[in-house]
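Student: Residues per chain are reported as follows:
There are 2 protein chains.
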Amino acid sequence: MSVPGRGGLLLVPNALDLGTEPVDIQQVLPLGVLQCAARMEHWLAEDARSTRAFLKRVHAVVPLQRPLQAIDIRELPRPPKGGGAGHAAPGDPLWRELLAPALAGKDVGLISEAGLPAVADPGAAAVAAAHALGIVVVPLPGASSLLLALAASGLNGQSFAFVGYLPQDAIQRSARLKELQALSRRTAQTQLLIETPYRNATLLKALLEQLAEETRLSVSCGLSLPSGWTRTDRIAEWRRRPTQMPERVPAVFAFLAD
Amino acid sequence: MSVPGRGGLLLVPNALDLGTEPVDIQQVLPLGVLQCAARMEHWLAEDARSTRAFLKRVHAVVPLQRPLQAIDIRELPRPPKGGGAGHAAPGDPLWRELLAPALAGKDVGLISEAGLPAVADPGAAAVAAAHALGIVVVPLPGASSLLLALAASGLNGQSFAFVGYLPQDAIQRSARLKELQALSRRTAQTQLLIETPYRNATLLKALLEQLAEETRLSVSCGLSLPSGWTRTDRIAEWRRRPTQMPERVPAVFAFLAD
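Residue numbers (this note's numbering), protein chains in the order written: chain A, 835 to 1092; chain B, 835 to 1092.
One or more hints might be untrue.
No distinction is drawn between identical chains; accordingly, a pair holds when it is met within one copy or between any pair of copies.
[What the hints assert, rightly or not] In silico SDA-like links for lysine to any residue, alpha-carbon gap of 20 Å or less:
{"no.": "1", "residue 1": "1012", "residue 2": "993"}
{"no.": "2", "residue 1": "940", "residue 2": "1060"}
{"no.": "3", "residue 1": "1039", "residue 2": "854"}
{"no.": "4", "residue 1": "1012", "residue 2": "955"}
{"no.": "5", "residue 1": "940", "residue 2": "1063"}
{"no.": "6", "residue 1": "1039", "residue 2": "897"}
{"no.": "7", "residue 1": "940", "residue 2": "1092"}
{"no.": "8", "residue 1": "1039", "residue 2": "1073"}
{"no.": "9", "residue 1": "1039", "residue 2": "1003"}
{"no.": "10", "residue 1": "1012", "residue 2": "923"}
{"no.": "11", "residue 1": "890", "residue 2": "865"}
{"no.": "12", "residue 1": "1039", "residue 2": "900"}
{"no.": "13", "residue 1": "1012", "residue 2": "1078"}
{"no.": "14", "residue 1": "1039", "residue 2": "935"}
{"no.": "15", "residue 1": "890", "residue 2": "966"}
{"no.": "16", "residue 1": "890", "residue 2": "999"}
{"no.": "17", "residue 1": "1039", "residue 2": "1081"}
{"no.": "18", "residue 1": "890", "residue 2": "872"}
{"no.": "19", "residue 1": "890", "residue 2": "1043"}
Don't read these hints as lab results, they were simulated from the structure.
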């Protein structure tokens, strides 16, 4: 899975627990990934501090090849408010600097706060830049909470879309939900959404209010944690028997309209 | 990650290599998953033979708790020609029989030919049935080739759709591609597609002919294999410098229209 001597951008999956209620990392990541992480000297990350925390967890299973202080961790440029990838296009000279070790024949690890990098996070710009610079990109196998939630939902896994966050404004959110439900009904496409954990209860409330009675809704909470759970039911049943959302636990929402 | 004493449907990720050029399974699956697989006595699978092959690979790392011949592997009902989930609805008595061990308090493992069960495979019907029967569903962490390909593409990972297979008829395929490209352009949504390996070259040819010059196309071939690769380029560049698709290696295709 590595590219010895050539230098590549290795996409390193992280655990899904975000450090809360942390599980033994070998329970959730393949040994091959831990070995690879333990030997890499260069990293690109959303956050250097949490990457050091990740490397400490790796070290407990596979000792790091050099001391943590000697490992080079560079932070990705922050995306502008409101998202968008326009802040640092693949041709931006910044990327040549951030990816310099890979251009010099060394592996660089790209890591996210949870799950796969470059999925629902700012890492995709780094991957696009690597392709533009002719750097080999190697995704290491690991879980994405989005697809674990989809699998656990029992909803249509042959056609699905991840639509990110809903608008926070109630009127816009309601309009967007109606639109997604109509799309789901027309195309039998499962719709996947996320929210920041402290707003999960608000999102669930909106889903229960706005979606149709027969629409099936699945919520996966705390994926890979011992306390994790998935519930799939029609909206009518959710309304009859609501579930309390925990406040600090990441969740993924999926729905399919019949 | 398990549900001791209660009985659940555990979604067990498989390797991505489909047995061709098989890699050491601990390089690609977490130890926690292998330990869980090694102790389970009941399985639901697309194919019993390949499930036994999987269990042999597990056994080489974590010895199975009982002999392979004593492990109960039940095959999922075959979906009808043309797909659709209508063949065995969640309420079908067949599921009560197939999931009987879980109803009796034992764990049942659901496994796919590659990657996550219930994603782009017939397993979702079993998961829906488990929810309908009140059986706890637990997805174990593992890779999906779809999301590894998305991560490796560098295309938009904040909004994406998996659209499955394109129609085989050339006219219908062309119309569908035009529709997906227009959707991608309008909504900045990455479109993910798959094809059976022996038709990958035909699909690539169609994509190069039908998509617009500036559309970015990414192909990931042989994910998690030492020989695997990902290429992302604009269609114009793919046309100038085509890549030969290997014949028997699974691939994932992703595109994003600007």
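Student: Take the hints in turn and mark each one as holding or not.
Tutor: Verification of the supplied hints:
Taking the shortest alpha-carbon separations for residue 1012 and residue 993, both the intra-copy value of 19 Å and the inter-copy value of 18 Å come in at or below 20 Å. Taking the shortest Cα distances, residue 940 and residue 1060 sit within 20 Å of each other only across copies (18 Å), while inside one copy they are farther apart (37 Å). For the identical chains of this complex, residue 1039 and residue 854 are neighbours neither inside a copy (25 Å) nor across copies (47 Å), given an alpha-carbon limit of 20 Å. Taking the shortest alpha-carbon separations for residue 1012 and residue 955, neither the intra-copy value of 26 Å nor the inter-copy value of 28 Å comes in at or below 20 Å.
For a Cα distance limit of 20 Å, the shortest separation of residue 940 from residue 1063 across copies, 18 Å, qualifies, whereas the shortest one inside one copy, 41 Å, does not. For the identical chains of this complex, residue 1039 and residue 897 are neighbours neither inside a copy (46 Å) nor across copies (46 Å), given an alpha-carbon limit of 20 Å. Taking the shortest alpha-carbon separations for residue 940 and residue 1092, neither the intra-copy value of 51 Å nor the inter-copy value of 32 Å comes in at or below 20 Å. Taking the closest pair of Cα atoms, residue 1039 and residue 1073 come within 20 Å of each other only inside a single copy of the chain (9 Å); across copies the shortest separation is 49 Å, beyond that limit.
In this assembly of identical chains, residue 1039 and residue 1003 lie within 20 Å of each other by CA distance solely inside one copy; the values are 14 Å within and 44 Å between copies. In this homomeric assembly, residue 1012 and residue 923 never come within 20 Å of each other (Cα to Cα): the closest approach is 34 Å inside a single copy and 26 Å across copies. In the homo-oligomer, the alpha carbons of residue 890 and residue 865 lie at most 20 Å apart both inside one protomer (15 Å) and across protomers (18 Å), since each shortest distance falls under that limit. Taking the shortest alpha-carbon separations for residue 1039 and residue 900, neither the intra-copy value of 49 Å nor the inter-copy value of 47 Å comes in at or below 20 Å.
In this assembly of identical chains, the alpha carbons of residue 1012 and residue 1078 never lie at most 20 Å apart, being 24 Å within a copy and 44 Å across copies at closest. For the homomeric pair residue 1039 and residue 935, neither the shortest alpha-carbon distance inside one copy (47 Å) nor that between copies (35 Å) is at most 20 Å. For the homomeric pair residue 890 and residue 966, neither the shortest alpha-carbon distance inside one copy (32 Å) nor that between copies (42 Å) is at most 20 Å. With identical chains, the CA atoms of residue 890 and residue 999 are never at most 20 Å apart, being 31 Å at best within one copy and 42 Å at best between copies.
Proximity of residue 1039 to residue 1081 under the C-alpha cut-off of 20 Å is restricted to the intra-copy arrangement: shortest distance 14 Å within a copy versus 49 Å between copies. Taking the shortest alpha-carbon separations for residue 890 and residue 872, only the intra-copy value of 10 Å comes in at or below 20 Å, while the best inter-copy value is 28 Å. In this assembly of identical chains, residue 890 and residue 1043 lie within 20 Å of each other by CA distance neither inside one copy nor across copies; the values are 44 Å within and 49 Å between.
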